[in-house]
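Student: These are the residues of each chain, in order.
2 protein chains.
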Amino acid sequence: MPVYSISHVENVRVCVVMVGLPARGKSLIAQKIVRYLSWLSIKSKCFNVGTYRRDLQKAADIGNITADFFDPNNPDGMHFRRQAIDLALQDMMNWFLDENGVVGILDATNSTRDRRNRIVKVLRENLIEPIFLESFCNDQDLVLQNILDVKTTSPDYVGSDLQFATEDFLKRIELYEKNYETMDVSIDANLTFIKLVNVNSQIILNRIESYLESRIVYYVMNLHIKPRSIYLSRHGESEYNLTGQIGGDSNLSERGWRYAKKLPELVLKSLGEENKHTNLTVWTSTLARTQQTSSFLPYKRKLQWKALDELDAGECDGMTYEEIENQFPEDFKARDDNKYEYRYRGGESYRDIVIRLEPIIMELERQENILIITHQAVLRCLYAYFMNVPQEESPWMSIPLHTLIKLEPRAYHTVVSRIKADIPAVSTYKEKGTSQLGEQNNSTSSKSRDIINNSDIVP
Amino acid sequence: MPVYSISHVENVRVCVVMVGLPARGKSLIAQKIVRYLSWLSIKSKCFNVGTYRRDLQKAADIGNITADFFDPNNPDGMHFRRQAIDLALQDMMNWFLDENGVVGILDATNSTRDRRNRIVKVLRENLIEPIFLESFCNDQDLVLQNILDVKTTSPDYVGSDLQFATEDFLKRIELYEKNYETMDVSIDANLTFIKLVNVNSQIILNRIESYLESRIVYYVMNLHIKPRSIYLSRHGESEYNLTGQIGGDSNLSERGWRYAKKLPELVLKSLGEENKHTNLTVWTSTLARTQQTSSFLPYKRKLQWKALDELDAGECDGMTYEEIENQFPEDFKARDDNKYEYRYRGGESYRDIVIRLEPIIMELERQENILIITHQAVLRCLYAYFMNVPQEESPWMSIPLHTLIKLEPRAYHTVVSRIKADIPAVSTYKEKGTSQLGEQNNSTSSKSRDIINNSDIVP
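Here the protein sequences come in this chain order: A and B.
Note that UniProt numbering numbers the first sequence so that position 305 is 305, with each residue one more than the last.
Note that UniProt numbering numbers the second sequence so that position 182 is 182, with each residue one more than the last.
So here's chain A without its partners, still in its complex pose:
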């Protein structure tokens, strides 16, 4: 009997059909939903019709195209675009069938009622529930900002200059506008839809009924597009880290306190001169070592979350890996075999952490600049959410002590910087199949994926 959770869905297959003119942030929303649902173990995939259209062009040996391709009166363009959507739908149906997909997202403009009706027909024939998600935007500043952020780096404009790309893209939008039919509470009263007006200053929900639908709505409702940084850090080295024990509620070691004292400086350095007065919110767990680590930070808003506490090791709390291997050899092996699912006797698994972190993620999406000081397993799960790390990998990621991680979410990727404090600490990284912890962070022979440079931008 599987453990039920917020991520549990039964016999439901849903297709989120995006709707909206170009440059309305559809792909961004689509990708965030896929990332969120995947993190919750709900199998999801985005099918971007533009990619199919470009593949068709390539196969037909057509080079870069301009706005007239998107003129509804251009038969060649229409032909390619129809073929592209058919291929995308076909692939999605196969994915539902072959890979037990749960939420497919059809990322295209789908801007006419005729097009949407045809999609509904295909979905219903395949017993898939359609939900329309429209991003409607009549705030020209938002549209232009989006064009500058994203569209001029679109594969359709590789090699084009910025001004040409912007102008051509605006022309393309104009052509779509001719036939655009927005979702309407009267005409589309029988469809399930979410209509976002100017990001989410207004939201219209029609016939949202299932649990999964309501989760998607709540997630989308909490998204914002203001630029911000998310800082993540483990607590400083603790007394238990020194003795190799897991769990507990020990204090910082002498080197751990040094990290705590240096943390304000690391944050300031990363913020840079022009942002040095940025006010961060600080979240810690309820355990002493994270609060001690936060104690020298000059920010007023410091909050404790029980949900940020370390993975509960149950009966193994306070033991070393060697002791666990000796006392519970079968459990020790089982955990190595499937670290994400393994639940300590009377304790938790990584999956359990994800479930309890779900409200944190929701709140985190609402926050602006924030610094989270937490624990190895919890930080792995948070990092996996932002960086889209698969579940089988996330429990094995190396997140060394005394290192500040900065995440800057962008439209289609997150910029990661790791700032090392240059204060030695033990490695708490245990490789699969051993009960030995890694070497010290500062040793270059460490096999774990520690970042050695002081600051390293990973796109």
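Some hints here could point you the wrong way.
Remember, identical chains collapse to one label, so a pair may be satisfied in a single copy or spanning two.
Said to hold, decoys possible - With a cut-off of at most 35 Å between alpha-carbon atoms, the simulated DSBU-like pairs for lysine-lysine come out as follows:
id, residue 1, residue 2
1, LYS339, LYS121
2, LYS32, LYS276
3, LYS269, LYS58
4, LYS43, LYS226
5, LYS300, LYS333
6, LYS430, LYS45
7, LYS302, LYS420
Derived by calculation from the structure, the hints in this document are not laboratory data.
Please read these numbers as outputs of a predicted model, since none were measured by experiment.
Got chain A sorted already, so can you dock chain B onto it with the hints?
Tutor: What follows is chain B alone, placed relative to chain A:
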């Protein structure tokens, strides 16, 4: 530094201003929101303007009134109604100030824009954020159903016959309809509002920005009005119950197994002959004793939730109360002094349970007929939500073993029945100030609030 949670709100004071014609379920929604937020420790109170109006009538020695009182052209009626809203608002402002209120709900029709503008003015002068919550309903069947369910038992119609009350009430609604101005996305674009159309088949959200607003939206979005029963039971008596130990993951005792075997019969008996084929969803925790208790139930949909696991007693897991009193006398006393807030060393408090139950409550609001088999502390928290039990009382409630509790939510109250299995079990009820467990359930000398009758309806 307080523990942050979903219930944490800072320097926010909000007034939810209900909007809608009579018989649109406004009071029901208002009261559910107050119950939900109070359970989350967010200080909330509903101010029903009808009650103020009736008090004024009483003071002026005016007896029962009829529909013409609500005619906008009746100066006497208008006078009373204006005075009533002013008094309600005044009381609310005092409550925000004197009792540090966070969410006040103004429960009235507030059906004209003029009235709403005057309310906004008062709120803004007092630095309170207004959110409008409109229940718009043009489905006449729903309206009539609501009138029959609730309004004919309204204090305005005490002593009137049903037909007169219904007709008079419909006339009252008609008078309100004359001047009714619904919330509009263009005209009211600058206001924060939630508009529910026909319960929640359509929802319009405008300028929902704060965390608290988004929580209220998500809660309201998940409500339904279908009749249903919620069954709650503790697991059968466990081996740890016999030895007086807390926590752990022990198996059922012989008597516990007898309860498990009898449970299907108790449920059937409570469902009654005409509903005997009702399909229940069964939720258990991840611990053996709840799953064993569910094992003879004939329902297919059985789900495990980690969030339903018993309160984590941390270092005291597996100990008896006497052992805890001896080993940690100060903790033992601290827990008795404030059982809701006391967190076991390395474990949880009742408040922590409420936080982890929050997604369960949300999901529970969506469910129809359901049976939940869980543990003493968790069941107390669930029961407190449905029955609006204050936090200082809920950890002291007696929820005996081998007793099935049935909750039937109605418009303004919940009907509770307790069905005893008539299988002896130890009492796990510990009175304040002692480390002794209670006597056996079947003993009539038990001081705890065990229900002795086989079935007992508590309004």
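Student: Taking the hints in turn, state whether each one holds.
Tutor: Right, here's what the structure says about each hint:
no.: 1; hint: LYS339 - LYS121; result: neither (42 Å within a copy, 57 Å between copies)
no.: 2; hint: LYS32 - LYS276; result: within (30 Å within a copy, 45 Å between copies)
no.: 3; hint: LYS269 - LYS58; result: neither (46 Å within a copy, 69 Å between copies)
no.: 4; hint: LYS43 - LYS226; result: both (28 Å within a copy, 31 Å between copies)
no.: 5; hint: LYS300 - LYS333; result: between (45 Å within a copy, 33 Å between copies)
no.: 6; hint: LYS430 - LYS45; result: within (32 Å within a copy, 52 Å between copies)
no.: 7; hint: LYS302 - LYS420; result: within (23 Å within a copy, 48 Å between copies)
The structure is inconsistent with the numbered hints 1, 3, although it conforms to all the rest.
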